[in-house]
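Starting from the known structure of chain A, arrange chain B on it as the hints suggest.
One-letter residues, chain by chain:
2 protein chains.
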Amino acid sequence: MTDASTINGLVDRLRSGDTRALARAISLVENDSPEAPALLSACFPHTGSATGAPGEPARRGGATGAPGEPARWGGALRIGITGAPGVGKSTLVDRLAQQYRHADRTVGLIAVDPTSPFTGGALLGDRIRLREHASDPGFYARSMATRGSLGGLALATADVALVLEASGKDILLIETVGVGQDEIEIARLADVTLVVLVPGMGDDVQSLKAGVMEIADIFVVNKSDRDGADRVEQEIRTLQSLAAKHELRTPPVIRTIATIGDGIPALAVALNEMEQWLRQENRLEARRTEHWQRRLDSMLRTELMRRARNNGFDAKLLRFHAARIASGQQDPWQLVAELARKVFSANDQNPTAGL
Amino acid sequence: MTDASTINGLVDRLRSGDTRALARAISLVENDSPEAPALLSACFPHTGSATGAPGEPARRGGATGAPGEPARWGGALRIGITGAPGVGKSTLVDRLAQQYRHADRTVGLIAVDPTSPFTGGALLGDRIRLREHASDPGFYARSMATRGSLGGLALATADVALVLEASGKDILLIETVGVGQDEIEIARLADVTLVVLVPGMGDDVQSLKAGVMEIADIFVVNKSDRDGADRVEQEIRTLQSLAAKHELRTPPVIRTIATIGDGIPALAVALNEMEQWLRQENRLEARRTEHWQRRLDSMLRTELMRRARNNGFDAKLLRFHAARIASGQQDPWQLVAELARKVFSANDQNPTAGL
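Chains A and B, in that order, give the protein sequences. Letter by letter, the first sequence follows residues 0 to 354 of numbering that gives the first Met the number 0. Letter by letter, the second sequence follows residues 0 to 354 of numbering that gives the first Met the number 0.
Everything labelled a hint here was simulated from the structure, so no lab data went into it. Hints are not guaranteed to be accurate.
Note that the list lumps identical chains together, so a pair holds whenever it fits in one copy or between two copies.
To be verified - With a straight-line Cα cutoff of 16 Å, these simulated EDC-like cross-link-like pairs (lysine to aspartate or glutamate) come out:
1. Lys341 x Asp296
2. Lys315 x Asp296
3. Lys315 x Glu289
Next up, chain A with everything else stripped away, as it sits in the complex (with noise of 0.2 Å):
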């Protein structure tokens, strides 16, 4: 599949409800393969922007059209999820993705595990609640592990999203498990966050606060039968007061119990709550805006990257000079300058190379 009208044949498909259109493109995005490029700027034309007023109707076509649906301008809402293992977000999260499909919400659920490369099936797998949308052409399901080092996942991430919302979806739930820096990044992608908590963390309250106090939007205890749910809530209460201060919203503490389904309509009305707000003085657009950026940082480099490689500056290239710093014949930072040089130099002789 390389030409562009093959490209816009997938993405015709996949915008017409097609799962297989919509799983293999997918697929080509999540493995960066190089039809990748073009088929998310095919994609791209069919994701919303923040700039239509309220009300206005949405600039893309999609899967979705009902009479007396919620006003999509700024097209799909992107929701991450994150907490660490064992405070039940997989449940959390197919329970939300019901309370969405029962107010006709398309939904797209992206379940993402960076420290697994051998989730694959298994995350889905799992969960029984998620069968009984099988048939369901308003929801897919898709889990992710890692795809290369450093950043490629929350890229990755981001773009799969991007592809689902091109196919029509009005929210998009991306659950991610942990509570790191590739975490993070992930869910700075989303346009809302929720922190999943359990009572009887401990100190774990305490190692989360400075990453996830920032990122977080609305706060969930879940298990909140449990012992100690009031203090958790405290303790988030307290942490917010030393960094609440440059913040112009409070988030909410919502508690629920996810496997009985309890309080999650309240959880529903927090985020109906949260997708207002943000859908307010250009709040969305702001948020979207800064997403964008630190997103094309990162594909500047992957792209500078590319070419350097398709130029030479490949793995063979650089474990023959590991090799040599590792037996201390060669000076590391001399030999990036160096590099860095003749990759320029390289392009230039050749300045079709990579395109």
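For chain B alone, kept in the frame of chain A given last:
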């Protein structure tokens, strides 16, 4: 401080045991100051290489040179220690530092917390055991938090480790909080990686498995007087039996109670065995070649981007384009291809820019 003689003077001072010079050099590197590459270049000749034969005198000078000490060809040994918050890593690392000091090996400690930009002194300030080393010239501890975005911290940690090695430390202990991608990257820069677990983690051992099973050279079950130590060890063994087929060596599992020093001598024995194993059949050199290959890739990526920034492809320009993308006026993939072309041609017009 911009000229070479000043940098060489700083390196001479830190090599002679001047702690303030060492602290200053580390700060320059940690903050990615303009002098950092020259400073690291000047440190590089004073770090070990893996080429010497066992028993050959170490090629670098250093603060230690007592007769009877272990052969130090290959320079400082980098020991990475990782594990979830609350497993007692800090106490364990402090005990290990003591153990090495008692064996007359000099120690540098880097405590890294990617989840918190705030830790600064706190991470070390609480560690009473380290205070006995406050006036010990054979010991130096430093905490680090995030530098920039993804990948930056792993690179900065590796750079700080190099400065510590140049100062003559035999053993570098690199402690990271958590088990995300960042920590795995940091661990990959170590020669030996300890993964610390505690009984009663439940699902956490499962969630660790993929990335961590690959990087662990030694498992430590700390707080092993708690219920469930057998079970944790059993789980590790089970996961090993699934993952171990490509491994030459089965990582040992050492039980400790770090608070009272229990098991620390056994851990020291395991570390010495690992060190001997690494120093055979070019294993240390092979590992370090892999490390340098990854690091060269990151360094080249960063250098290409730095040159792009110096040529006007800076945050302001990216922000301008990000706003146009967020409002749907600009296709990001077409933009990045165009920007990359312009980066190269700008560099061509002004070939000395960014040097």
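Hint check results:
Taking the shortest alpha-carbon separations for lysine 341 and aspartate 296, only the inter-copy value of 15 Å comes in at or below 16 Å, while the best intra-copy value is 22 Å. Taking the shortest Cα distances, lysine 315 and aspartate 296 sit within 16 Å of each other only across copies (11 Å), while inside one copy they are farther apart (26 Å). In this homomeric assembly, lysine 315 and glutamate 289 come within 16 Å of each other (Cα to Cα) only across copies, at 12 Å, whereas the closest approach inside a single copy is 36 Å.
No hint from the list above goes unmet by this structure.
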